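> Sequence:
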Amino acid sequence: MQVKKKQYFAYRSFWPELETMKKFRETVGVDTFNVMISNTVNSLGFPYTKYPPVWKWNGVYDLDAFDKQLDDVIRVVPDAKFLCMLDLNTPPWWTRYLGAFGVRYDSYYELGKISASELWRKDTAEYMRTVMKHAQECYGDRIEAYVLGCGGATEWHDRSRSEESVYRLAAFRKWQKAHNLPQTDIPGRFRRDSGSYDFCTDYKDVNTYYNGNDPTGGAYTEVFPNGFGLFRSPEKDRDVMDYFRFCNEFNAETVSFFLKRAREAIPPEVELGCFFGYCFSAWTMTAGHLAYEKLLESPNLDFVIAPVINYSIGDGSVSATVHETVPLHGKRMLQEFDQKLWCYNRKLSDCCTLPDPNQMQDISWNKDNGGAELSKKFTFGAGNGWNTPERSAEGIKRDGAMAIINGDSLWWFDMWGGFYQHREVFDALKRVKEIWDSEAGVGADPVAEILLVMDPENIYLLNDMNERCGTFHTLPVHFLGKTGLPYEACSFRDLEKMDTARYKFVILSHPFRLLPEKYDLLQKKILNSNRTILWMYGPVIDNSGKWNESNVEKICGIPFAAPGVPQKRMAGWTSAYIYRPDRELNENILRELALQAGCHEWCDRARPLYANSRLVCVHTDKGERLTVRLRKKYARIEELFSGMEWTNAREVKLSSPDVKTFLLKLEE
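First residue of the sequence shown: 12, per my numbering; consecutive thereafter.
Take these hints with a grain of salt, some might be off.
Claimed, not checked - Simulated restraints on C-beta separations:
hint : residue 1 : residue 2 : range
1    : R513      : G575      : 21 to 31 angstroms
2    : Q370      : E435      : 16 to 26 angstroms
3    : S555      : M581      : 20 to 30 angstroms
No lab work stands behind these hints, which were simulated from the structure alone.
Quick caveat: nothing in here was measured; it's all calculated off a predicted structure.
By construction, the Cβ of each residue, glycine as well, lies at the ideal position given by its N, Cα and C atoms.
Turn these sequences into a full structure, and let the hints steer you where they fit.
What follows is the structure, given as structure tokens:
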């Protein structure tokens, strides 16, 4: 499939930050702006935008409210172009209207309970198409794309914990029939939140939802006093796994439904995008994104959006998606940069001002905190290092360079305003935009020799109530971003179409079950050519669907739960094994394994690094000297942020007084 080359460098805010938009246009050169048309409130209970709702009642639309939002931007940026985001969540009146007996739900937190309702689909599609028709008639020459949002955070997350509804039950039974399965009831809450194996409870993920606490104040702890099993198996839990697979597939189908209806209403040159493809840690695997490959097959989707993660100063920012899967399906990425600078506007209403992140390096709380106490502890951005204009400027350079090297679109997300204020920040944005204008879209070859392989099918074996569930993905991503070596991430099925010849070190994040066709694919594409393969936990579920710890040694050559990072030479490849990534994994371990496997040493230290055949970016939060080693000699090398040059060089020495980002352009 031919990938369109349309790319975006845009600005986004929930609120009408008109003076900032004007400055982005005049100082940075940005002419594309995201506007959000919303009829609902956010996760703090306040309206998403400062404008009146457009969807006011059954078949009643205030299109003047739509016009007002775009006209305000045009007033300060006369040549503005738009990425128009339509929030499809149910307005409060729709949720309440004749819905007292379990037939209407709030799609923001209960998307999966209402998405199979034909009435909801009909009403929501009518609203969407009415707004699109009006937008095309009045602003069609300015609209580059529409972004469709719904569910939790408007990111198509079902946050109901897969709860049942009559609509979901009816759709589930149809799904069962289509898959030649007995038509049954939805598995109950106890079984959905349970696992059957590995009840170790010594890991607490303070970076996930609820700081690793029981958000119910003790109800979960009372129901599950021994914790939540980490793993399921087809032998014991097939019905639960089937149900979760249905929930995720149906969520992807729901997005596809609205994309199709939207495509029918707009010209072919206007693009369609949505947030999708990320839910790999505690509390999120049931949120409906695991069938992301199905959504990427939609002919009506042009690009997907995801926030960056691991964006603290000194870390290696990366997309929350499985990045290589997106272009392999003929789609494009738009990276959302919402790095929460310390100076953001914290006053969200006349009654809510978030605490100052600079005064709250520890934002943890416990189950005994009431709402009033929690509101004193919860904020955004504490401890992320974006706490001065100078440090923030270097973070902007790093993240902008990451998007340029990856060939991704981007927008700078100003949330409630105040992110972008200082001269140093705007100087960095301006320079990143200049580099973007000259480098984005220029052909470059990938150079990564490290491949991280995720497997969404095997994630159904994990129970996301156990906080270790995310360690198999989030920890490798976090530490790979700091090895000083470039890497790529793909999904298991991508291996079928990928040329894997250049990869020397491969990490299998979710190898928990390898049916014969999967194992054959690994033997063909991965388990050869003297590569080093790092197995996370191991294939502990055998072909019959049973828990079988001996299967790990049979396939990996290393016993299940072996401590440390043991290695064993196999037939044409080297096996390495980690049972507990939360205990054993770090950037130095991954760097050592990669260099041992023969990967090129791009940087002499373990630091965030991105590279393709034309550009190399390295980032540090320390005062130090770094050496970047290239694969061959180049006639000219330019550091694009400072203008420094080297000629006839294969090695570049860089000096950092403190936090610094370097971007090298390589010319033969």
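> Next step is simple, just say for each hint if it's right about the structure.
Here's how the hints hold up against the structure:
1. R513 to G575: 21 to 31 angstroms: Holds, at about 29 angstroms.
2. Q370 to E435: 16 to 26 angstroms: holds, 22 angstroms
3. S555 to M581: 20 to 30 angstroms: holds, 24 angstroms
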